[in-house]
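Could you put the whole structure together from the sequences, leaning on the hints where they help?
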Amino acid sequence: MTNDEIFSKVQAIIVDQTGEDADKVTMTTNIKQDLDADSLDIFEVINEIEDEFDIKIETEEGIETVSDLVTFVEKQLAAKDKE
Amino acid sequence: MDLTDKTVLVTGSTQGIGLAIAQAFAKQGANIVINGRHAASREVIEAIQGENVTCWDLSADITDPDAVQKMIDSIYEKTDHLDIVVNNAGIVNDKLLNRMSETDFSQVINTNLTGTFNVIKACLRPMYKARKGAFINMASVIGLTGNIGQANYAASKAGIIGLTKSVAKEAALRGLRCNAIAPGMIDTAMTAQLADKVKAEILQQIPLKRLGSTDEVAQVAIFLAENDYITGQTITVDGGLTMQ
Numbered sequence: 001m002t003n004d005e006i007f008s009k010v011q012a013i014i015v016d017q018t019g020e021d022a023d024k025v026t027m028t029t030n031i032k033q034d035l036d037a038d039s040l041d042i043f044e045v046i047n048e049i050e051d052e053f054d055i056k057i058e059t060e061e062g063i064e065t066v067s068d069l070v071t072f073v074e075k076q077l078a079a080k081d082k083e
Numbered sequence: 001m002d003l004t005d006k007t008v009l010v011t012g013s014t015q016g017i018g019l020a021i022a023q024a025f026a027k028q029g030a031n032i033v034i035n036g037r038h039a040a041s042r043e044v045i046e047a048i049q050g051e052n053v054t055c056w057d058l059s060a061d062i063t064d065p066d067a068v069q070k071m072i073d074s075i076y077e078k079t080d081h082l083d084i085v086v087n088n089a090g091i092v093n094d095k096l097l098n099r100m101s102e103t104d105f106s107q108v109i110n111t112n113l114t115g116t117f118n119v120i121k122a123c124l125r126p127m128y129k130a131r132k133g134a135f136i137n138m139a140s141v142i143g144l145t146g147n148i149g150q151a152n153y154a155a156s157k158a159g160i161i162g163l164t165k166s167v168a169k170e171a172a173l174r175g176l177r178c179n180a181i182a183p184g185m186i187d188t189a190m191t192a193q194l195a196d197k198v199k200a201e202i203l204q205q206i207p208l209k210r211l212g213s214t215d216e217v218a219q220v221a222i223f224l225a226e227n228d229y230i231t232g233q234t235i236t237v238d239g240g241l242t243m244q
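As they're listed, the protein sequences go chains A and B.
Residue numbers for the first sequence follow my numbering, beginning at 1 and rising by one.
Residue numbers for the second sequence follow my numbering, beginning at 1 and rising by one.
Hints may contain errors.
Said to hold, decoys possible - Ranges between beta-carbon positions, derived for each pair: (1) Asp-2/B / Lys-80/A: 42 to 50 angstroms; (2) Thr-4/B / Glu-61/A: 17 to 25 angstroms; (3) Ala-79/A / Thr-191/B: 53 to 61 angstroms; (4) Gly-149/B / Gly-19/A: 48 to 56 angstroms.
Derived by calculation from the structure, the hints in this document are not laboratory data.
We put the CB at the ideal spot given by N, CA and C, even for glycine.
Listed below in structure tokens is the structure:
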């Protein structure tokens, strides 16, 4: 899966969860600050991402921007491919 | 909340207060998930089904987070909604403190308090998604007053009251509610074991001079499920025993 494809899916999940317009959710968007998301929003976004990509995200530490999320998913998918 | 066709999980519901609560919800038209460490008897299941509702029997040890997760997943495989969770499963292991081992203490905490936490945690993800649901946790007046020989039980039930308030605050962000019931002396198999002399002494202290019935506890569970504006509360059902 390409970086762009991962971003599109992550973007759709964030839009669905926060109710923001898609054009407001870019790679540099800070999920908490720019989208006014609370901890439960992030919890639910992570849950949806886990389901969508069939991966496990044990901690949300270090995840601030959409780019952080996309990179995390990318790494998890690469690790899964190696298994 | 209208309880018709809602899905209600009652842990520890193969007998006593849990069974009375399950039956009361069934009478209101809710579908019931019976739970215990072992499968429910045929009589229990038939009694629930007699109310023309669906009854699933899912045994799971609530001290085992994986078993709890499997039970919750299994509920969502059978129905697409879980609306009310009554955390009733609990044990006692009464001993004076100087005779109580760390194991005696932690076993009661693990079942009553950590078990309740395990069930709530497993339910949160789907219930947050659904933006609705209610938890009802079984505390006890012993959690409010303490009792000789019940340090473990009292600590677990006091813990449930704190847990209830924290869940109520956190889950309110998604429209979920969480309350507790603190029964006093209720007429169950547990209280039937008490010596007559002990029972008489207890009755002396209860302003209404009688034990409560399991149905009277179940009525409060129904009330807490139906009322959508009560959260974070502990309702005592004790014949006036702990009134101040």
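Inset, instruction - Tell me, in ascending order, the numbers of any earlier hints that this structure violates. - result: The structure breaks only hint 2.
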